[in-house]
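Protein chains: 2
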Amino acid sequence: MLGTFTYSNPTRLHFGKDSLEALKEELPKYGDNVQLVYGGGSIKEIGLYEEVIAMLEDAGKNVFEDAGVMPNPTVEKLYGGCEIARGNDVDLILAVGGGSVCDYAKAVSVSAYCDEDPWEKYYVRMEDVDNDIIPVGCVLTMAGTGSEMNGGSVITNHATKQKIGHVFGDNVFPKFSILNPELTFTVPRYQMVAGIFDVMSHILEQYFSGTDDNISDYLSEGLMRSLVHSSRIAVENERDYEARSNIMWAATWALNTLIAKGKETDWMVHMIGQSIGAYTDATHGMTLSAISSAYYRHIMPYGLARFVRFAEVVWDVDAAGRSDEEVASEGIERMETWMREIGLVMSIAELGVTEDMLDGIAEGSFVMEGGYKVLNHDEIVGILRESW
Amino acid sequence: MLGTFTYSNPTRLHFGKDSLEALKEELPKYGDNVQLVYGGGSIKEIGLYEEVIAMLEDAGKNVFEDAGVMPNPTVEKLYGGCEIARGNDVDLILAVGGGSVCDYAKAVSVSAYCDEDPWEKYYVRMEDVDNDIIPVGCVLTMAGTGSEMNGGSVITNHATKQKIGHVFGDNVFPKFSILNPELTFTVPRYQMVAGIFDVMSHILEQYFSGTDDNISDYLSEGLMRSLVHSSRIAVENERDYEARSNIMWAATWALNTLIAKGKETDWMVHMIGQSIGAYTDATHGMTLSAISSAYYRHIMPYGLARFVRFAEVVWDVDAAGRSDEEVASEGIERMETWMREIGLVMSIAELGVTEDMLDGIAEGSFVMEGGYKVLNHDEIVGILRESW
Numbered sequence: 027m028l029g030t031f032t033y034s035n036p037t038r039l040h041f042g043k044d045s046l047e048a049l050k051e052e053l054p055k056y057g058d059n060v061q062l063v064y065g066g067g068s069i070k071e072i073g074l075y076e077e078v079i080a081m082l083e084d085a086g087k088n089v090f091e092d093a094g095v096m097p098n099p100t101v102e103k104l105y106g107g108c109e110i111a112r113g114n115d116v117d118l119i120l121a122v123g124g125g126s127v128c129d130y131a132k133a134v135s136v137s138a139y140c141d142e143d144p145w146e147k148y149y150v151r152m153e154d155v156d157n158d159i160i161p162v163g164c165v166l167t168m169a170g171t172g173s174e175m176n177g178g179s180v181i182t183n184h185a186t187k188q189k190i191g192h193v194f195g196d197n198v199f200p201k202f203s204i205l206n207p208e209l210t211f212t213v214p215r216y217q218m219v220a221g222i223f224d225v226m227s228h229i230l231e232q233y234f235s236g237t238d239d240n241i242s243d244y245l246s247e248g249l250m251r252s253l254v255h256s257s258r259i260a261v262e263n264e265r266d267y268e269a270r271s272n273i274m275w276a277a278t279w280a281l282n283t284l285i286a287k288g289k290e291t292d293w294m295v296h297m298i299g300q301s302i303g304a305y306t307d308a309t310h311g312m313t314l315s316a317i318s319s320a321y322y323r324h325i326m327p328y329g330l331a332r333f334v335r336f337a338e339v340v341w342d343v344d345a346a347g348r349s350d351e352e353v354a355s356e357g358i359e360r361m362e363t364w365m366r367e368i369g370l371v372m373s374i375a376e377l378g379v380t381e382d383m384l385d386g387i388a389e390g391s392f393v394m395e396g397g398y399k400v401l402n403h404d405e406i407v408g409i410l411r412e413s414w
Numbered sequence: 027m028l029g030t031f032t033y034s035n036p037t038r039l040h041f042g043k044d045s046l047e048a049l050k051e052e053l054p055k056y057g058d059n060v061q062l063v064y065g066g067g068s069i070k071e072i073g074l075y076e077e078v079i080a081m082l083e084d085a086g087k088n089v090f091e092d093a094g095v096m097p098n099p100t101v102e103k104l105y106g107g108c109e110i111a112r113g114n115d116v117d118l119i120l121a122v123g124g125g126s127v128c129d130y131a132k133a134v135s136v137s138a139y140c141d142e143d144p145w146e147k148y149y150v151r152m153e154d155v156d157n158d159i160i161p162v163g164c165v166l167t168m169a170g171t172g173s174e175m176n177g178g179s180v181i182t183n184h185a186t187k188q189k190i191g192h193v194f195g196d197n198v199f200p201k202f203s204i205l206n207p208e209l210t211f212t213v214p215r216y217q218m219v220a221g222i223f224d225v226m227s228h229i230l231e232q233y234f235s236g237t238d239d240n241i242s243d244y245l246s247e248g249l250m251r252s253l254v255h256s257s258r259i260a261v262e263n264e265r266d267y268e269a270r271s272n273i274m275w276a277a278t279w280a281l282n283t284l285i286a287k288g289k290e291t292d293w294m295v296h297m298i299g300q301s302i303g304a305y306t307d308a309t310h311g312m313t314l315s316a317i318s319s320a321y322y323r324h325i326m327p328y329g330l331a332r333f334v335r336f337a338e339v340v341w342d343v344d345a346a347g348r349s350d351e352e353v354a355s356e357g358i359e360r361m362e363t364w365m366r367e368i369g370l371v372m373s374i375a376e377l378g379v380t381e382d383m384l385d386g387i388a389e390g391s392f393v394m395e396g397g398y399k400v401l402n403h404d405e406i407v408g409i410l411r412e413s414w
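Residue numbers (the numbering used here), protein chains in the order written: chain R, 27 to 414; chain V, 27 to 414.
Because the hints were derived from the structure by calculation, they are not lab data. No false leads were slipped in.
Any copy will do: because identical chains look the same in the list, a pair fits if it lies in one copy or spans two.
Straight-line alpha carbon distances no greater than 25 Å define the calculated DSS-like cross-link-like pairs of lysine-lysine that follow:
1) Lys201 with Lys55
2) Lys201 with Lys287
3) Lys287 with Lys43
Isolated chain R (complex conformation):
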C-alpha cells in the first residue's frame, strides 16, 4: 500500500551529450565562491577539468580546489573540506566526478557550519540538519550511486571501521546535476559493471520487501528489465551511447525516492556490503555483487511469492506446471548468469576479505528490519561464508 508520504525532488537534471552547457545557466544563480570538488585526477585526463575551470572563470567565480576525494571518502577528508568551505565563505560546492565525489560534497555541505563533530552528529547519531547548508551542484562522470538526485551521503571512518550512509532530506539534494552519458565512456570496465550492479542492487533492495500490490514494484520491474537489457549491450560496446544513457538514467531513478514509495525496503545487501567496504576499501558495487547471490538465496523462502514474480516478470521464466520454489530458483539462477556475463565479482575472497574479518564485518553490518527476514549475527556470517 502506498500509505502517506511526501514526494519532493527539487534537483534540476540536465541530461545528454551537450548538457555541460547548462552549467552556464546554473552558475549565475550562486555567489562568487565555488569549492571545486573532484577525485584522483581522471577528470583532467578526459579534459573535463579544463572545460569546467574555463566555465567557472567565464562566470567570474573564485575557485577553491578540493581535490583527491577517494572512492570511499573519509571522515578526515571531510574535516579538511569543511575548512575549505568555511575559510573561503563558499557559496556553491561543485562536485565533478562519480558518486563518491557527490556524496562527499553533500557531507561538506551540511557539515561546514555544524557546531560539533559532524561525523558524530550526522553519521553516528543520524540527526537532522539544523545549521546552514551550502548548495551543491554535480557534474556526474559515473553511473551508479544515484547521489546526483538524492540526499544520500556515505562517509567512512577507518579508525572505527565504520562506513555509514545518511540519507538527508530534500534541502540537501543537489540543486542541479549534469548527466552526460559520454563522460561515462572512459570509466574502467570494472567500475562500469560495479556501478551497474549498484543500480541493480538499489532496485532489488526496494523491490524485495512488502507483500502487497504497489505500483512501485511495477516501476522497479521496468527499471530492472531496462537495466539488464542495456548492460548486456554496454559490456559488448562500452561506447554504445544508447545503452550508457539508459543505464545512467536508470541509476538516477533507482535511488531518487520514487520507487521506495509505499515500500518498507530491505537494504541489508548495502549494510553488509558497506561493512565489507570499511574492512577492505573494495569497490562499492562489487561488495554488493559478491554477497547478493547468497543473500537472496537465504531470504527466498521468506518472500517466495515476490521471488516468483521476479522470475516471471524480470527474467521471463516460464512458470507453467512448476513449483513456486523451482520458478523462484530459476529467477535467481538467471540473475547469477547475467552477473557472471557482465563480469561482476561474486566472491568476497576476491575483494580481500579474510577469515579473521568475518565476525567484525557481521558486527559492523547495521541490521535493518524492512526485508523478508531480519538477520541475526550468525546468519550474516553464514551469508559471508556462502559468498566465499
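Once you have looked at the hints, place chain V on chain R.
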C-alpha cells in the same frame, strides 16, 4: 535514444489518507489572499469544502471564492477568474477538485497579469509566459489528468469550437499538490473509469512513438501493467484503497514529463478527443476511449514492432509460432476486452457526435507528427467513422 533534455519537477506532493494536513505547512509559505477555485459543489457534499475553509481561516487567509469551474473550463470563465485574481491581489490560487479545476487554476495563474488576451497569447499562439505568475496549489479529488504535477492547462472556446491545451514550463507547475485517494471514492463510476482511461491514454500516446530502445518505454510498461491490474480491482470495489491509490499515483507519473524523456510522443488521440470535446462537451476520458480502438488499429501497421512488444509485455500475449500481425492484433483485442470490462464508452455516437460534425471535428484536430503515422483529414474522418 534519451537525447538532451532538462528534467525538473518542483511540485511537492503530499500523498495519502491524512495528506490534507499538509495544507497547514504549505499555506504559511504564501501571502494572505487566497483564490479558492472549485467546481460544481461536490466538494461541499463530501465535507471537503468546510475542512479547507477552516484551514484557510486558521491560517489567517482572506478567501476569494471562484466556484463553478466546469468540466471543460471556458475562456469566459478564465476571464472572470483573472478579474478575481487581479482585483484582490491574490497570493495563492488553491484549486480543490479534479483535473479541470487544476487546469483552470494554472490558466488564471499565467493569465491574470497578461497584458493582452491570454486566450490568444497562451492558447492560440502558444507563447511562453513573460508576465508575473500567481502560485498554484492543488487538493485533488479525481485521478486522471496528471494536472497536479505538470504544466498542462486545457481551455475551451465554444465560440470558435476550439479546445486547446498549453503545456507550460516548470515555473507554472503547482507548487504543491495534495493527493488523498479516499477523496476519489465518491467520484461517480463514469468519471472514475473515464479518468482511468485518460491515464492509460497518456501512457499509450507516449509509448507508441519512436523505434529505438529507451528506458521510458520500460517505465511505461510498468505503469500500464499496474494500471490495468488496479483498475480491475477498482471497478469491483470502488473503495479499495490500495487500487485507488495506485491509480492516483499512476495518473501523476503518466503525465509529469518523466516517461516522455527521449520520446517523440504521438498525442493524436488527445487531439481528436479534444476536438470531439469542443463539439459535444463530452467527458474527456470517454472521448479518448471512444476513438482509441480505431486509432490504434489504423496505426498498427506503421509501428508493428512496438505493437508486438506491447502485446507481449503489457498483455502477456504468447508470441510463439505466430506472425507479428497476429500477436499485435491480439494485444489490441486484449486492450479492448479490458476497456469493455471496466465500462468505457467505445462509440462516439454515444457521446453525442452526429454525422454533420465529422468534418468539423477532423478539421479541429490539430495534427501532431510524433507518432507512427501522420494523419490526413480523410484518415481522421475514417477513424471517426470506425468509432461509430
